[in-house]
Amino acid sequence: MPDYMETPQGRRIAYHRTPGQGPGVVFLGGFKSDMTGTKALYLQDWAEAQGRAFLRFDYSGHGQSSGDFLDGAIGDWAADAIAAIAALTEGPQVLVGSSMGGWIALLVARALPARVAGLVGIAAAPDFTEDSMWAQFTDAQRAELAQGQVALPSDYADSPYVITRRLIDDGRQQLVLRSPLSLPFPVRLLQGTADVDVPPAVALRLLDHATGPDLRLTLVKDADHRFSTPDCLALIAASIAEVLARAEGTGQAG
Numbered sequence: 001m002p003d004y005m006e007t008p009q010g011r012r013i014a015y016h017r018t019p020g021q022g023p024g025v026v027f028l029g030g031f032k033s034d035m036t037g038t039k040a041l042y043l044q045d046w047a048e049a050q051g052r053a054f055l056r057f058d059y060s061g062h063g064q065s066s067g068d069f070l071d072g073a074i075g076d077w078a079a080d081a082i083a084a085i086a087a088l089t090e091g092p093q094v095l096v097g098s099s100m101g102g103w104i105a106l107l108v109a110r111a112l113p114a115r116v117a118g119l120v121g122i123a124a125a126p127d128f129t130e131d132s133m134w135a136q137f138t139d140a141q142r143a144e145l146a147q148g149q150v151a152l153p154s155d156y157a158d159s160p161y162v163i164t165r166r167l168i169d170d171g172r173q174q175l176v177l178r179s180p181l182s183l184p185f186p187v188r189l190l191q192g193t194a195d196v197d198v199p200p201a202v203a204l205r206l207l208d209h210a211t212g213p214d215l216r217l218t219l220v221k222d223a224d225h226r227f228s229t230p231d232c233l234a235l236i237a238a239s240i241a242e243v244l245a246r247a248e249g250t251g252q253a254g
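Letter 124 of the sequence shown, counting from 1, is numbered 124 in UniProt numbering, and no numbers are missing.
These are computed hints drawn from the structure, not numbers from a lab. Every residue gets a Cβ at the ideal spot worked out from N, C-alpha and C, and that includes glycine.
Keeping only pairs whose Cα atoms sit at most 16 Å apart, straight-line, the calculated EDC-like set for lysine to aspartate or glutamate is: (1) 32 x 71; (2) 32 x 76; (3) 32 x 155; (4) 32 x 68; (5) 32 x 158; (6) 32 x 197; (7) 221 x 231.
Label-pair restraints from in silico Cβ distances: (8) 172 x 231: 34 to 40 Å; (9) 113 x 151: 34 to 40 Å; (10) 38 x 68: 23 to 29 Å; (11) 200 x 3: 34 to 40 Å; (12) 51 x 169: 39 to 45 Å; (13) 140 x 218: 36 to 42 Å; (14) 199 x 87: 33 to 39 Å; (15) 38 x 213: 29 to 35 Å; (16) 219 x 91: 30 to 36 Å; (17) 136 x 113: 31 to 37 Å; (18) 147 x 113: 36 to 42 Å; (19) 70 x 172: 15 to 21 Å; (20) 51 x 214: 21 to 27 Å; (21) 224 x 136: 15 to 21 Å.
Can you build the whole structure from these sequences, using the hints too?
Structure (structure tokens):
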């Protein structure tokens, strides 16, 4: 059973926290996913084996947290992450963001720069509401969205994704690829070449746009968006370990 915390906005967030040494690791999940996914559970086991503090949680409207998914937006979920990190962790953290979680991680880093020791992005999807959703909508879909929401087919569920006007409008207030993006800590971006949801071009754009002393992108041939094969999971863990070693070696973790 998860524990629960309440955010300053009054949302009830479900979480699992593993005690251990710092810098801790925080897993930030994707759009419509939850903290019981393959990557989150694998990393919790990895952190426990390392004696490393670890936090996973559900954004509002996701998993076991309060709220309706359709009421939420990027800004809400970033605020949930900021609240969880502020309340449930101590000192600098390595943020591990999967898909939408990569965007959330960048927003957390902007809001809480002193609390970020490093970042690992897994098929990170910054600005996807604008560049992936809105940009690909037909005129008819945009007209439908103007009335409140539009339904999109999903490769991952039997029912369609419902995209709300608020998700798109709020996303425009959270964009990170339109203005300077400083990442003054170790960053590892992991990306599959067979990812059709967040193509490699997104990772290359993020790498090109961000500035920082230690940014690297690793492309994995034929890996898809889930990035959850044993080899991919091992690569995620190795990337976190490398970021931790560099953060601790440069004193950013102190």
